[in-house]
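Enquirer: As a plain string of letters, each chain reads:
Protein chains: 4
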Amino acid sequence: MEHLTEIKIRGYHADFYGHVNNARYLEFFEEDRWAQFESKIDLRKWAEKGLIFLVVNINVNYRRAVPVGETVLVTTKLEKIGNRSVVLKQEILLKESREVAADALITFVISDRSGKAVSMDGEIRTEVEKLQ
Amino acid sequence: MEHLTEIKIRGYHADFYGHVNNARYLEFFEEDRWAQFESKIDLRKWAEKGLIFLVVNINVNYRRAVPVGETVLVTTKLEKIGNRSVVLKQEILLKESREVAADALITFVISDRSGKAVSMDGEIRTEVEKLQ
Amino acid sequence: MEHLTEIKIRGYHADFYGHVNNARYLEFFEEDRWAQFESKIDLRKWAEKGLIFLVVNINVNYRRAVPVGETVLVTTKLEKIGNRSVVLKQEILLKESREVAADALITFVISDRSGKAVSMDGEIRTEVEKLQ
Amino acid sequence: MEHLTEIKIRGYHADFYGHVNNARYLEFFEEDRWAQFESKIDLRKWAEKGLIFLVVNINVNYRRAVPVGETVLVTTKLEKIGNRSVVLKQEILLKESREVAADALITFVISDRSGKAVSMDGEIRTEVEKLQ
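Residue numbers (the numbering used here), protein chains in the order written: chain U, 3 to 134; chain Y, 3 to 134; chain V, 3 to 134; chain W, 3 to 134.
You may find that some hints are simply not true.
Repeated chains share a single entry, so a pair holds when one copy, or any two copies, can fit it.
Claimed, not checked - Simulated crosslink set (DMTMM-like; lysine to aspartate or glutamate; CA at most 20 Å straight-line):
id, residue 1, residue 2
1, K97, E33
2, K132, E72
3, K42, E72
4, K97, D114
5, K10, D114
6, K47, E98
7, K79, E29
8, K91, E81
9, K42, E101
10, K10, E29
11, K10, E129
12, K82, E72
None of these hints come from the bench; they were simulated from the model.
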């Protein structure tokens, strides 16, 4: 399967206006982030070291309403590795037409047990690069 | 205020069919359970003893669709104290007409650190009776 | 695929107590109801006739907490056809052990344009029996 | 009341990591947008003219985790009126310390029956300015 996350839009995903609600889109993005992370990096090892992912910014464009009954695909790509943060680019695509329904830049840091954002160096950088 | 929980129904509470979604009603019930518990019993003391509430059954009747823009009230009453379980009766009322939009029986147990449901005796029973 | 609905439990499905929240379970059940309906009956034809499904009662047992990382399957079976209502039996199973995490009886009516529950006769009964 | 939206954080608002989930924050922001709109402009008149609000971008900073039990306030201010779009600035504040837990810029357009974003002129601009 080319895409890890494929979701058929149901009535309970949409709000009163017949659109998939803004908040629900964030769940779709989160679903694919976890699916990608699980498939590419060893989350158990990270948890043992007390490292957790903390989203610090989400910048999302809602480009096209998704009707109930449509199927969407979610994609996640590594956009940029900063000194202490990582940016992912995510898209929600209509499966048939491949039109973009929404896209987002998601910035996260990796926090250690002291609550500090760690540097994107050495082993951590190598792991994060696997998200490519 | 007579009711602890008063919620104005917004477009994001309703699904595509213009009804407040089944799952959302459970959040409204949960909101009032916490509000009632907080106002009547010392949850901090319970947590220190390692006691937690575990819902084991919800039996909910959806009686009337709630339109967007309507305001609802949530009520919670102690229905029955069993040997190792407690039943609450909850209702969601249309604020103006006081018609019942949904009602539910919620059965919960109080679980200790070993994961066992404790008996509704002594101090625990006294505390639970405060939910009246 | 034996089951239409298979869900990997993520951190965002669980609440503060590490359990999949009560309300979220109802979404899992709803997801499989739609998947089953779509695979067995012609929902478009129903919509054209102005017929909609209205859930009137949910009676759900929460039997076992589902940890994050576990995968669950959802099942839906026709339990009973009444005069003007239908009861489905649904289960959420841990994929590996096949233990039941939750089960529910879902009672729905089929409402026509006038808002009345239709009789389970003739063509409608034949359609509903396909849910077997 | 100085703030229209005040929310006590419950266990069901938080995810497995003990943080209020990203998607839930968007619901808090949406709640206050509706509360502000209702208190300041005549939404019924807008609906009669076939005008609806469509969020096209959300840029949200998650600045501080909100623990269960804490109470938050939500604020909404008019940031900028563009040619065919409006930007609101929203904040989620810890009630006691007034620290910012999250802030967001929300860009929306007003769409007419043809699906086009209308110009921020005349009566529409006057109405939008009431959001100040």
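Enquirer: Work down the list of hints and note, for each, if the structure agrees.
Expert: Against the structure, the hints come out as follows:
1. K97 <-> E33: both (17 Å within a copy, 19 Å between copies)
2. K132 <-> E72: neither (31 Å within a copy, 24 Å between copies)
3. K42 <-> E72: between (28 Å within a copy, 18 Å between copies)
4. K97 <-> D114: Neither, since 38 Å and 28 Å both go past 20 Å.
5. K10 <-> D114: neither (37 Å within a copy, 26 Å between copies)
6. K47 <-> E98: neither (38 Å within a copy, 23 Å between copies)
7. K79 <-> E29: within (17 Å within a copy, 26 Å between copies)
8. K91 <-> E81: Classified as within: same-chain Cα gap 6 Å, cross-chain 26 Å, threshold 20 Å.
9. K42 <-> E101: Neither: 26 Å inside a chain and 29 Å across chains, both beyond 20 Å.
10. K10 <-> E29: Answer is both; intra-copy 14 Å and inter-copy 13 Å each pass.
11. K10 <-> E129: neither (32 Å within a copy, 23 Å between copies)
12. K82 <-> E72: Neither: 31 Å inside a copy, 31 Å across copies.
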